[in-house]
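2 protein chains.
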Amino acid sequence: MLQFVSPSKCLDFGLSKREAFFKNEPPTAKFDPTTRDKLDHKMDKEKENGHPETSGKAPKELDGYVGFANLPNQVYRKSVKRGFEFTLMVVGQSGLGKSTLINTLFLTDLYSADYPGPSYRIKKTVQVETTQVLLKEGGVQLRLTVVDTPGFGDAVDNSNCWQPVTDYIDSKYEEYLNAESRVNRKTMPDNRVHCCLYFITPSGHGLKPLDVEFMKRLHDKVNIIPMIAKADTMTPDECREFKKTILNEIAQHKIKIYEFPECDDEEENKLQKKLKDRVPFAVVGSNTLVSVGGKTVRARQYPWGIVEVENLEHNDFLALRNMLVRTHLHDLKDVTNNVHYENYRYNKLASVATKGKEKAVGSKELNLETAEDEDSGEKYYSVFFSLHKYGI
Amino acid sequence: MLQFVSPSKCLDFGLSKREAFFKNEPPTAKFDPTTRDKLDHKMDKEKENGHPETSGKAPKELDGYVGFANLPNQVYRKSVKRGFEFTLMVVGQSGLGKSTLINTLFLTDLYSADYPGPSYRIKKTVQVETTQVLLKEGGVQLRLTVVDTPGFGDAVDNSNCWQPVTDYIDSKYEEYLNAESRVNRKTMPDNRVHCCLYFITPSGHGLKPLDVEFMKRLHDKVNIIPMIAKADTMTPDECREFKKTILNEIAQHKIKIYEFPECDDEEENKLQKKLKDRVPFAVVGSNTLVSVGGKTVRARQYPWGIVEVENLEHNDFLALRNMLVRTHLHDLKDVTNNVHYENYRYNKLASVATKGKEKAVGSKELNLETAEDEDSGEKYYSVFFSLHKYGI
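Listed in order, the protein sequences are those of chains A and B. The first sequence: position 4 = 4 (our numbering), numbered continuously. The second sequence: position 300 = 300 (our numbering), numbered continuously.
Hints may be right or wrong, so weigh each one.
Identical chains share a label here; the pair holds if one copy fits it or two copies do between them.
What the hints assert, rightly or not - DSS-like cross-link-like pairs, simulated, lysine-lysine; straight-line CA separation at most 30 Å: (1) K78 with K136; (2) K274 with K221; (3) K136 with K81; (4) K270 with K81; (5) K348 with K186; (6) K78 with K186; (7) K256 with K78; (8) K256 with K274; (9) K78 with K348; (10) K254 with K270; (11) K273 with K230; (12) K216 with K274; (13) K244 with K230; (14) K256 with K81; (15) K221 with K186; (16) K273 with K81; (17) K216 with K273; (18) K276 with K208; (19) K230 with K208; (20) K256 with K186; (21) K230 with K216; (22) K78 with K274.
Simulated from the structure, these hints should not be mistaken for laboratory data. Every value quoted in this text rests on a predicted model; they were computed, and no experiment measured them.
Using the sequences and the hints given, assemble the complete structure.
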């Protein structure tokens with residue numbers, strides 16, 4: 001089938017309907033992905049009517065196989081060849097099993113006796129610590145960066161304990177913006193934080209003020225997936241109630257957690273809905289292998305029974321892994337790039353421009369500032385130069 | 001298998017070995033994709049030695065299926081959902097069958113009696129004309145833009161007849177650079193020319209000076225695929241000889257035509273090599289359907305026989321379509337983005353910076369220039385602001 005439609009409107013540049021979710025951006029963030037939906041919508045209409053603007057011709061038939069249906073395969077191959085990179089941030093009080101969960105999630109001893117989790121190494125104040133690992137599975141290469149925040153929420157006074165976290169996220173956006181603005185763009189490593197797993201204490205009482213505060217300050221910077229840690233301390237009924245309380249509080253405080261998008265396939269949507277309904281994921285992690293019914297599985301052995309990690313009747317670990325790794329890893333990267341990063345970039349450039357206008361700073365001073373960023377002939381643009389525009 | 005390697009070096013950001021081909025860039029083009037190969041190489045070594053810099057640990061085993069091997073499938077789906085866009089330029093004297101070939105290539109009457117090829121509509125001077133069509137095949141949507149250059153080489157004096165073509169290509173790069181530099185980047189349509197099919201007259205004598213001149217001026221701006229038009233005027237022996245002459249002249253004049261990259265699969269490489277060896281593709285196009293042996297095929301019927309378009313013993317059309325559409329469309333886009341566009345951007349920004357330095361122009365004047373580019377609150381950065389850096 002060949003169809004003529006208005007070419008200026010015939011592509012969906014990156015985002016889909018669900019981003020209506022991001023409608024409530026703060027007024028400073030001008031970037032509104034929902035405008036794209038309108039374009040899509042118009043395009044659909046044109047297709048139906050068969051009266052596009054460009055050609056004025058009705059759809060025509062292709063009388064054979066041209067072969068561009070193979071394009072997605074070309075994209076597939078190239079992506080395998082290039083490899084993938086993903087940065088996962090874990091935030092939550094120490095002792096909630098963050099390191100163990102990461103080990104369980106990627107079936108690797110990222111943290112071990114030789115190299116224990118950050119909380120065993122770093123103390124007192126909130127720090128940000130990154131660990132990188134190159135994983136390979138079925139010919140697909142993934143450079144995984146885990147960003148941990150030891151010390152988060154552990155102090156008596158936890159005011160501003162989200163600051164190092166927001167600083168880290170912003171600094172990675174800034175790095176990327178600088179890389180993107182260079183004249184000579186040889187490498188563009190993407191170290192932006194693509195997802196933040198936020199661990200909630202299994203108290204049964206709801207969110208703490210710190211939880212609310214943290215998520216509110218981070219939700220328009222990063223994709224937040226809330227989790228209930230050490231879920232084996234709650235009975236199924238308690239867990240259900242606790243989840244309901246948490247979701248209510250999240251809605252009440254207008255916190256925007258990462259919304260798993262619907263996919264086009266009806267069947268798969270049904271499957272995914274079941275997993276999606278388990279948010280916030282109540283998980284149990286384990287580094288220990290236990291023999292259960294002849295099979296060796298990751299589990300926690302108690303005198304009253306064995307909690308199997310990969311058992312959906314025991315906890316939501318499988319749901320988390322499926323949604324996070326198997327079906328939505330790429331979407332998390334896309335939303336980071338198309339929504340959070342674009343917002344950061346917009347605010348950064350717009351605010352610099354406004355400041356410059358207000359202060360009317362002399363350009364000579366600013367040149368000194370930018371000169372420091374020069375490195376062996378490589379120059380940075382955009383951010384600093386906007387100052388000149390309004391500054392002079 | 002889990003392997004620890006130096007994370008800063010573990011990804012191939014976009015380009016592969018064959019880009020050694022682009023080594024001979026003119027001195028102004030600083031962008032050298034081959035530097036990436038060195039990084040890759042170092043990484044390979046590290047993997048072999050098992051002594052990476054980051055962790056100091058030997059590779060470890062994954063004890064199960066994590067699921068990120070599904071990442072390429074996520075990319076695949078997203079690409080289908082978004083749709084594709086491709087811009088194909090055809091250049092060559094009128095009457096060489098460019099419009100017919102485009103019709104044949106995409107099995108569509110892009111040009112017809114109602115809307116004839118550009119040479120029937122536009123006369124005398126070289127103009128650039130674009131036609132867009134939305135094609136759909138097996139659920140994959142392709143917005144195809146065909147850029148034609150009626151009048152090319154048709155005049156008595158053809159000096160500078162490549163100018164409108166280079167201007168067009170540059171203007172699309174500039175558009176993209178501007179879109180990329182906006183503060184509010186809502187849409188980023190890609191109208192850059194991804195491939196130029198250059199039609200050589202089937203003279204049997206080799207390239208004309210205009211052919212050489214054109215390709216030399218365009219080869220570092222766009223992917224050129226040379227073709228011999230109307231190949232049914234040559235016997236197989238004549239065709240072989242003609243191709244040899246052309247390739248020799250191309251080498252002699254150091255013209256860099258698009259190099260079809262090797263793929264990882266040995267079997268497929270062998271298959272592709274056979275097709276690749278047919279460059280420059282000697283093709284025959286046809287809008288006429290002829291019945292041959294009970295089958296209806298696109299062909300040209302002569303009193304002495306029928307030339308079948310899709311018969312590799314008659315001409316190279318199938319080789320062209322396979323290489324262009326089925327296997328390398330995405331790579332053509334990638335090379336355009338990673339090599340040609342990056343070169344354009346580098347030269348643009350670097351030259352603006354240098355000019356600014358030499359002239360030491362006052363900033364007030366420049367502000368007037370940039371102000372014209374402002375459109376409903378959207379601001380352009382990078383290019384113009386670099387002037388301020390050196391100008392003050």
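How the hints compare with the structure:
no.: 1; hint: K78 with K136; verdict: both (16 Å within a copy, 22 Å between copies)
no.: 2; hint: K274 with K221; verdict: within (27 Å within a copy, 51 Å between copies)
no.: 3; hint: K136 with K81; verdict: both (12 Å within a copy, 27 Å between copies)
no.: 4; hint: K270 with K81; verdict: between (32 Å within a copy, 19 Å between copies)
no.: 5; hint: K348 with K186; verdict: both (23 Å within a copy, 16 Å between copies)
no.: 6; hint: K78 with K186; verdict: both (19 Å within a copy, 26 Å between copies)
no.: 7; hint: K256 with K78; verdict: between (34 Å within a copy, 23 Å between copies)
no.: 8; hint: K256 with K274; verdict: within (20 Å within a copy, 55 Å between copies)
no.: 9; hint: K78 with K348; verdict: between (33 Å within a copy, 29 Å between copies)
no.: 10; hint: K254 with K270; verdict: within (27 Å within a copy, 58 Å between copies)
no.: 11; hint: K273 with K230; verdict: within (24 Å within a copy, 57 Å between copies)
no.: 12; hint: K216 with K274; verdict: within (27 Å within a copy, 60 Å between copies)
no.: 13; hint: K244 with K230; verdict: within (17 Å within a copy, 72 Å between copies)
no.: 14; hint: K256 with K81; verdict: between (35 Å within a copy, 25 Å between copies)
no.: 15; hint: K221 with K186; verdict: both (27 Å within a copy, 18 Å between copies)
no.: 16; hint: K273 with K81; verdict: between (32 Å within a copy, 20 Å between copies)
no.: 17; hint: K216 with K273; verdict: within (25 Å within a copy, 57 Å between copies)
no.: 18; hint: K276 with K208; verdict: within (23 Å within a copy, 65 Å between copies)
no.: 19; hint: K230 with K208; verdict: within (17 Å within a copy, 76 Å between copies)
no.: 20; hint: K256 with K186; verdict: between (35 Å within a copy, 22 Å between copies)
no.: 21; hint: K230 with K216; verdict: within (24 Å within a copy, 66 Å between copies)
no.: 22; hint: K78 with K274; verdict: between (33 Å within a copy, 22 Å between copies)
When each numbered hint is compared with the structure, no violation occurs for any of them.
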